[in-house]
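Protein chains: 2
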Amino acid sequence: MKKIVLIVLDGLGDRRTLDRPTPLEAAKTPTLNFLAKNGSCGLHYPLSPGVPIGSGLAHTLLFGYSEDDYPGRGVLEAYGAGIDLQPTDLAFRVNFATSDENFRIIDRRAGRRGEFIPQMAEELQEALNNNPFGVRVILKAYENYRGVLVLRGSILHPIPDLDPQIEGEPLPFSKDEMTGRIVNWIVVQSYEFLKNHPLNKKREEMGLPPANILLLRGAGSIKQRIPFHEKHHMRGLAIADRNLYLGVASYFGMDTAKVSDEEKIPLLMERLEEYDFFFVHFKLTDVYGHDGKWEEKKRYIEYVDGLLSPLKELKDVVIVVTGDHSTPAILKNHSGDAVPLLIYGGNLDDVKRFGEHECVKGRIGIVRAADVLNLAMDAAGRMKEVGK
Amino acid sequence: MKKIVLIVLDGLGDRRTLDRPTPLEAAKTPTLNFLAKNGSCGLHYPLSPGVPIGSGLAHTLLFGYSEDDYPGRGVLEAYGAGIDLQPTDLAFRVNFATSDENFRIIDRRAGRRGEFIPQMAEELQEALNNNPFGVRVILKAYENYRGVLVLRGSILHPIPDLDPQIEGEPLPFSKDEMTGRIVNWIVVQSYEFLKNHPLNKKREEMGLPPANILLLRGAGSIKQRIPFHEKHHMRGLAIADRNLYLGVASYFGMDTAKVSDEEKIPLLMERLEEYDFFFVHFKLTDVYGHDGKWEEKKRYIEYVDGLLSPLKELKDVVIVVTGDHSTPAILKNHSGDAVPLLIYGGNLDDVKRFGEHECVKGRIGIVRAADVLNLAMDAAGRMKEVGK
Numbered sequence: 257m258k259k260i261v262l263i264v265l266d267g268l269g270d271r272r273t274l275d276r277p278t279p280l281e282a283a284k285t286p287t288l289n290f291l292a293k294n295g296s297c298g299l300h301y302p303l304s305p306g307v308p309i310g311s312g313l314a315h316t317l318l319f320g321y322s323e324d325d326y327p328g329r330g331v332l333e334a335y336g337a338g339i340d341l342q343p344t345d346l347a348f349r350v351n352f353a354t355s356d357e358n359f360r361i362i363d364r365r366a367g368r369r370g371e372f373i374p375q376m377a378e379e380l381q382e383a384l385n386n387n388p389f390g391v392r393v394i395l396k397a398y399e400n401y402r403g404v405l406v407l408r409g410s411i412l413h414p415i416p417d418l419d420p421q422i423e424g425e426p427l428p429f430s431k432d433e434m435t436g437r438i439v440n441w442i443v444v445q446s447y448e449f450l451k452n453h454p455l456n457k458k459r460e461e462m463g464l465p466p467a468n469i470l471l472l473r474g475a476g477s478i479k480q481r482i483p484f485h486e487k488h489h490m491r492g493l494a495i496a497d498r499n500l501y502l503g504v505a506s507y508f509g510m511d512t513a514k515v516s517d518e519e520k521i522p523l524l525m526e527r528l529e530e531y532d533f534f535f536v537h538f539k540l541t542d543v544y545g546h547d548g549k550w551e552e553k554k555r556y557i558e559y560v561d562g563l564l565s566p567l568k569e570l571k572d573v574v575i576v577v578t579g580d581h582s583t584p585a586i587l588k589n590h591s592g593d594a595v596p597l598l599i600y601g602g603n604l605d606d607v608k609r610f611g612e613h614e615c616v617k618g619r620i621g622i623v624r625a626a627d628v629l630n631l632a633m634d635a636a637g638r639m640k641e642v643g644k
Numbered sequence: 257m258k259k260i261v262l263i264v265l266d267g268l269g270d271r272r273t274l275d276r277p278t279p280l281e282a283a284k285t286p287t288l289n290f291l292a293k294n295g296s297c298g299l300h301y302p303l304s305p306g307v308p309i310g311s312g313l314a315h316t317l318l319f320g321y322s323e324d325d326y327p328g329r330g331v332l333e334a335y336g337a338g339i340d341l342q343p344t345d346l347a348f349r350v351n352f353a354t355s356d357e358n359f360r361i362i363d364r365r366a367g368r369r370g371e372f373i374p375q376m377a378e379e380l381q382e383a384l385n386n387n388p389f390g391v392r393v394i395l396k397a398y399e400n401y402r403g404v405l406v407l408r409g410s411i412l413h414p415i416p417d418l419d420p421q422i423e424g425e426p427l428p429f430s431k432d433e434m435t436g437r438i439v440n441w442i443v444v445q446s447y448e449f450l451k452n453h454p455l456n457k458k459r460e461e462m463g464l465p466p467a468n469i470l471l472l473r474g475a476g477s478i479k480q481r482i483p484f485h486e487k488h489h490m491r492g493l494a495i496a497d498r499n500l501y502l503g504v505a506s507y508f509g510m511d512t513a514k515v516s517d518e519e520k521i522p523l524l525m526e527r528l529e530e531y532d533f534f535f536v537h538f539k540l541t542d543v544y545g546h547d548g549k550w551e552e553k554k555r556y557i558e559y560v561d562g563l564l565s566p567l568k569e570l571k572d573v574v575i576v577v578t579g580d581h582s583t584p585a586i587l588k589n590h591s592g593d594a595v596p597l598l599i600y601g602g603n604l605d606d607v608k609r610f611g612e613h614e615c616v617k618g619r620i621g622i623v624r625a626a627d628v629l630n631l632a633m634d635a636a637g638r639m640k641e642v643g644k
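Protein chains in written order, with my numbering: chain R, 257 to 644; chain P, 257 to 644.
No lab work stands behind these hints: they were computed from the structure. Please note that the accuracy of each hint is not assured.
Copies of the same chain are indistinguishable here, so a pair counts whether it falls within one copy or spans any two.
[What the hints assert, rightly or not] Simulated crosslink set (DSBU-like; lysine-lysine; CA at most 35 angstroms straight-line):
#1 Lys549 / Lys608
#2 Lys487 / Lys640
#3 Lys451 / Lys258
#4 Lys640 / Lys451
#5 Lys617 / Lys539
#6 Lys458 / Lys571
#7 Lys457 / Lys617
#8 Lys487 / Lys451
Isolated chain R, as found in the complex (with noise of 0.2 angstroms):
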């Protein structure tokens, strides 16, 4: 049985225009093309053909776990800030926003800066948690703009996220009872508390927008789910740099290690003989995806083929390298596109260059994200034969 190390180049699956391939088909890929041209490749629809989904689900996923085990954003946020969820308990995305006086919300990420914002988070957990319900809340700020917030001991319903999406509309507060009554009540007391706040005041000094606002999302509780080594008998090691993608390995079980790009790869071999299998992250390409930058998202991917080089050295191993979802440039947007998709260390196939139209050749097909994982295991020697 080989280990298995899978790597995840967030979004990286893009479309080309009239003018121009994909960033993938541009770039100068020798690490992925020898693995490419000595594995089999194929592509992967993440949920279905033309669905786009979030990176959340797209990991539960390639994890081998199946949509109803997507416990929802929140709670993978909150595994991904080290905090391990009681059954009622409710976790939520956070955004700290800029709102006016009417609750309109001015800019849904603060101005993308997180100067004294996790100052202020703490501050306002200790308010928040001198509520009228009787709960506990915890309130974790992270990665600028971004955090979690849980509930504990309240009664639990499915939440509408709290965040209108387009700035300048109202805010949607729940119209559901209990529930909504406790998260309306943290909205309000959060704008209360942070709007006059002086930490907000030096900001403002600063030209920052205020973050006077929690806008709150994804709202999810923990579902009963297979541990990741019981379910493919292997021990994982998740190696990231973001909270959401060291949360959703953590919540199936996997040990994290959040480290910068650069020492990802170094710190796999560190620790090979530890662990069967290894999830590697690397999220850039997702952002130039989101930012419309083609040519970054080309040279990021230049440069993590740089970074995975030392894999070639490595025996008894196979290597999946794929995205989680696509993020065309051109649509600044996730699509619903097929993903890219390398096995190296089982099979062969024609396929010497690793890129979409490339992919579409290959041996392995197009298959769902759901798929990838057990062909990654067959081709370690780790599946078990089913009806025999």
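Assemble the complex: chain R is given as a structure, and chain P must be docked to it using the hints.
Just chain P now, with coordinates in the frame of chain R:
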């Protein structure tokens, strides 16, 4: 967000033989090749690989609905004939056929000739409404020997087809109790009423077989369904010349326009601003397939290719061209082969020509009919991200 134009050439897919390519592969199709070259290609299995399906179900899937949403052919024919069904109505597709006095069916289509059938249908409807069951009967004839029968106010049960399918076989009367008694009575009465009808005497004088019995099949009632514009957030217009296709579009809530082949694209151009989604149907590919006419099928594809030429000028439109299923000329019947598919206005790939085998090399891969609308909507920027 772009508008979507879905062009369906009925029964487009075909099979190669040792001595000739498919009609689509052989046809000169500059318009379709332009769209393929500047778009992306693939194929779809209508339901699943190897399973041949009918046109009503195939269009249900192409419109983004599931197999469970298909209400049966009778219901679709009723909507095509402009009958708005009530929930307890039972609708049948009808053939006017030729029977002997022992209810052996001599010609299931009464010579495929419609002379005097509409007049006889009108009189027969009146006669059938004088029934002992208190059931209202609606009978409409159209398209030569075809028609629709609706029972209103009956106690409904799923009804087997009252059609032997094979000429010379006895009529399979219903063994069910109440509804069965009614439909059996209707079939017997239709024969009693029509066998000596003066218009049938006239048909016989003209050398035509008498249209002296109703064959009933495809029984069904309407189902709960989400209208097309609510489900997909697009206002849809269906442009076709046959009842079934107008019927399936109308059943799911699209507006309809019944015009000849030549008028279809001009009408679309004229009404472009009014709708978000256009379904344009061309029938004869299927008819020629059923008749085993390879050459005529090829020439009709070339004819339609010419009609589609103005579409090349459209901006900000996603154009989908496909078939609802395959009707290989060599089979004279539907097959479960994958059907060529092109989507223009979203992604691009290496395919430069629209044909069965070229499409195998396309970026879309081989999907299902139920995926086609998602792919088109994704190309048009109309999909919502799942698991956000």
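Honestly, which of those hints from before does the structure not fit? 3, 6, 7, 8
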